Amino acid sequence: MSLAIRAHALHSAPKMGKTSPPNRDWTQIYAIYGMDQWHTLLFLLFNAFFFSLLSVLFLLYFDPFCSFLEWAFPLLFAAGGGAARFAAGFTGCVAALSSVCLFVAAGNFFYSSVALQHEMAQRIVGHVNDWSSVKLALDIGCGRGILLNSVATQLKKTGSSGRVVGLDRSKRTTLSTLRTATMEGVGEYVTCREGDVRSLPFGDNYFDVVVSAVFLHTVGKEYGHRTVEAAAERMRVLGEMVRVLKPGGMGVVWDLVHVPEYVRRLQELKMEDIRVSERVTAFMVSSHIVSFRKPSQQPIPGMGEVRLDWRFFNQVIN
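Sequential numbering from 3 applies to the sequence shown in the numbering used here.
Simulated from the structure, these hints should not be mistaken for laboratory data.
Treat the hints with care, as some may be off.
[Stated by the list, open to error] Derived DSS-like pairs (lysine-lysine); straight-line CA-CA distance at most 30 Å:
1. Lys272 - Lys223
2. Lys159 - Lys223
3. Lys173 - Lys159
4. Lys137 - Lys272
5. Lys159 - Lys137
6. Lys248 - Lys137
7. Lys158 - Lys223
8. Lys158 - Lys137
Fair warning: this is a prediction, and the values are worked out from it, not measured in the lab.
Please build the complete structure, drawing on both the sequences and the hints.
In structure tokens, the structure reads:
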């Protein structure tokens, strides 16, 4: 996959607005927000323990297992030969390595679901220079509300009279998210709505800021993540995000895998100041933050240029 970028379109990104992330550890974050997709974590841990047990059994009963191989497969493993010992040792090593990899995957999954999401929410908030002037913000796919409440906290800190709207497909999720906002002390800054992200229930040019965290890649998953249909659905949501954004408004998306698609679509939509962050490993895959600004006025045909800060271009494309 490649992106056509004229040499003069590249520029050094100015520093984003900084925020001071609250001093909180993962236990505090987990106590408020809990964790999604417990079944995935349990699946990884179950298999990790299974392979650990298997590797221990291979170690404790190495000689009996070699004898079993020689008895069960006499044509492959001659009695007294080294082939059976090699096969047993190799199988035991594979089981041990599998258990290590699964434990690492489980740890990364848990970290990505709790601590990393909170850290990335602070980074997303930091992409907006002046929150005091923000009157309306939107979090698409707000989920448990980690990003939503981070935006609300920033509005509260700056003394803004603004509000942030969280949109999710499930009414049950939105009710849970409102509870977490109350626990965070920002309930008066937060509103949640149930709606279809493919057709946002808001008018054109409605929000000053639109954000989203690890959500867009889930859109269209019923078609399969790598299909043309799924890609079209993701682009549709991105187009809706641009539609509801006010001229001059800021959009920030943190997502997995599909960042080049988003950049290309934003180019087609004539967005300005498109920037891509460094690579961050989340849920065992690469992720990036993409930020952009909606033009204050329609560009004159032939004059609009998309400026990219693609400091890690090769990593994203490859």
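Outcome of the hint check:
1. Lys272 - Lys223: holds (27 Å)
2. Lys159 - Lys223: Violated, at about 37 Å.
3. Lys173 - Lys159: holds (29 Å)
4. Lys137 - Lys272: Roughly 24 Å between the alpha carbons, so the hint for Lys137 and Lys272 holds.
5. Lys159 - Lys137: Given that 30 Å is the threshold and the Cα spacing comes to 14 Å, the pair holds.
6. Lys248 - Lys137: holds (11 Å)
7. Lys158 - Lys223: violated (36 Å)
8. Lys158 - Lys137: OK: Lys158 and Lys137 at ~12 Å, within 30 Å.
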